[in-house]
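Asker: Turn these sequences into a full structure, and let the hints guide you.
The lines below spell out each chain.
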Amino acid sequence: MMSTVWTHLMKDLRIEWRSKEAINSMLFFALLVVVLFSLAFDPRGSFAREIAGGVLSVATLFASASALNQAWAREIRHQVLDAQRMAPASGAALFLAKALANFLFVEIVQLLLAPVFLVMYNLRIEGDAWKLLLVLPLGTWALVANGTFFAALSIRSRNREMLLPLILFPIFIPALLAMVLSITAILTGESDPGLWIKLLFGYDVIFTTVCLLLFDVVLHAE
Amino acid sequence: MKKIAIGGYAVAVIALMIWGFYQAIYVAPDDAMQGVIFRIIYYHVPSFSAAFTFFAVSFLGSIGFLSFRRSHPEWAQMADAWAVAGAEVGVVFCTVGLVTGPIWARRAWGIWWTWDARLTTTLVLWLIYVSYLLLRRFAAGPQVQTLAAVLGIFGALDTPIVYMSNRWWRTQHPAPVFGGADGSGMDKSMIGPFLWNMLAWFAWGVLILALRYVVERRRQKNAEYEAIDALEGNA
Chain A
1 MMSTVWTHLM KDLRIEWRSK EAINSMLFFA LLVVVLFSLA FDPRGSFARE
51 IAGGVLSVAT LFASASALNQ AWAREIRHQV LDAQRMAPAS GAALFLAKAL
101 ANFLFVEIVQ LLLAPVFLVM YNLRIEGDAW KLLLVLPLGT WALVANGTFF
151 AALSIRSRNR EMLLPLILFP IFIPALLAMV LSITAILTGE SDPGLWIKLL
201 FGYDVIFTTV CLLLFDVVLH AE
Chain B
1 MKKIAIGGYA VAVIALMIWG FYQAIYVAPD DAMQGVIFRI IYYHVPSFSA
51 AFTFFAVSFL GSIGFLSFRR SHPEWAQMAD AWAVAGAEVG VVFCTVGLVT
101 GPIWARRAWG IWWTWDARLT TTLVLWLIYV SYLLLRRFAA GPQVQTLAAV
151 LGIFGALDTP IVYMSNRWWR TQHPAPVFGG ADGSGMDKSM IGPFLWNMLA
201 WFAWGVLILA LRYVVERRRQ KNAEYEAIDA LEGNA
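Residue numbers (this note's numbering), protein chains in the order written: chain A, 1 to 222; chain B, 1 to 235.
Treat the hints as calculated values from the structure; they're not laboratory data.
Interface residues of chain B toward chain A, partial, derived using beta-carbon atoms under 8 Å:
{"hint": "1", "residue": "V124"}
{"hint": "2", "residue": "L127"}
{"hint": "3", "residue": "L135"}
{"hint": "4", "residue": "A140"}
{"hint": "5", "residue": "Q143"}
{"hint": "6", "residue": "L147"}
{"hint": "7", "residue": "L151"}
{"hint": "8", "residue": "F154"}
{"hint": "9", "residue": "D158"}
{"hint": "10", "residue": "I161"}
{"hint": "11", "residue": "S165"}
{"hint": "12", "residue": "W169"}
Glycine residues also receive a C-beta, built at the ideal position from the N, C-alpha and C atoms.
Answerer: Structural data, given as structure tokens:
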């Protein structure tokens, strides 16, 4: 199982390294969302700190939704996905590798975006900054694991690009709430984000398990 | 015989609903604190109870479909029909609850809507099941049942998490009227009308649910005949 995951992961990373399609488009998209929100809400002073968590999370959400569709669309060309369905490898390994690759892409985007974001919103982190290193990966994993799963699901429908956000966003709402509230708690330093980090962790564990268990069903649905 | 039974049940349901309406509007007294607007509870609570029950039916149908789809295809089809029927009728009842809630809130709280735990949870649940129905509409071919069943399970798993997260976030909805702390519960004169309405709305919901189930079964059979026709070249 692990070697299959590794093979898939390396393949996806190599494709991305050569084209840099996903990262570039996500980065620019997320930047646009941040700029649009800044223009729409005019964040200054303490107000900027209050909405920053929400803006960062929603920017990540929109950007990755646009890229996740592409992740599987690539496999549809030349019937690669059909070949993978016939391969004796488990679908869970394929899913895990795909989710890990997407996770890395989104994390890179977040790391590049974060300094820009801090500058544009004039943020000073009042709480424990290191907790952001916990919250952002946990929230991103919640998004990417579900997103990869639902992208594989919606790729089987007629209007693929439309369907993914429609089914991903409602399911993602509790994780988004936990992510936004914990980032806000860290930025303002007014409350303890511990509870929300635990919720994010629980969400990740539950949905990663379900995704791994049910991925074969989606892959072989006919 | 079957038609007579269904017709008889439908007549009984309509009679029950008229009786429930009479009880709610004419028999039950005004609430001591809220006055006449509280009567909306006779519609609001039964709608949501029915909606949640039907969502549970949909969840069980989804699980049933996934577990039987290889071993007992016929059972799987029945389970899938329950899953569709539960989700559709559940969304309708949930919509009724979501509409009656703000009408009451405008009088009682002075605002139409608030992002409170139960309101948000219900809204998210409604969104999840609407997305479920959209998936059923958008995805084509026989795989739609499998994909929908998977989404149905995700949605049901999400509900408790949504509820917990929102409860930690904030709560404004009135504490449970039944089985709550001291001071909860209804006056005896209101319990009768409440139970009648509960029964009437549930009976009505079950009727719609059963009809929707039958329609879905017929659609499945038609699709099956069409597929056989196409295979035999008669089409």
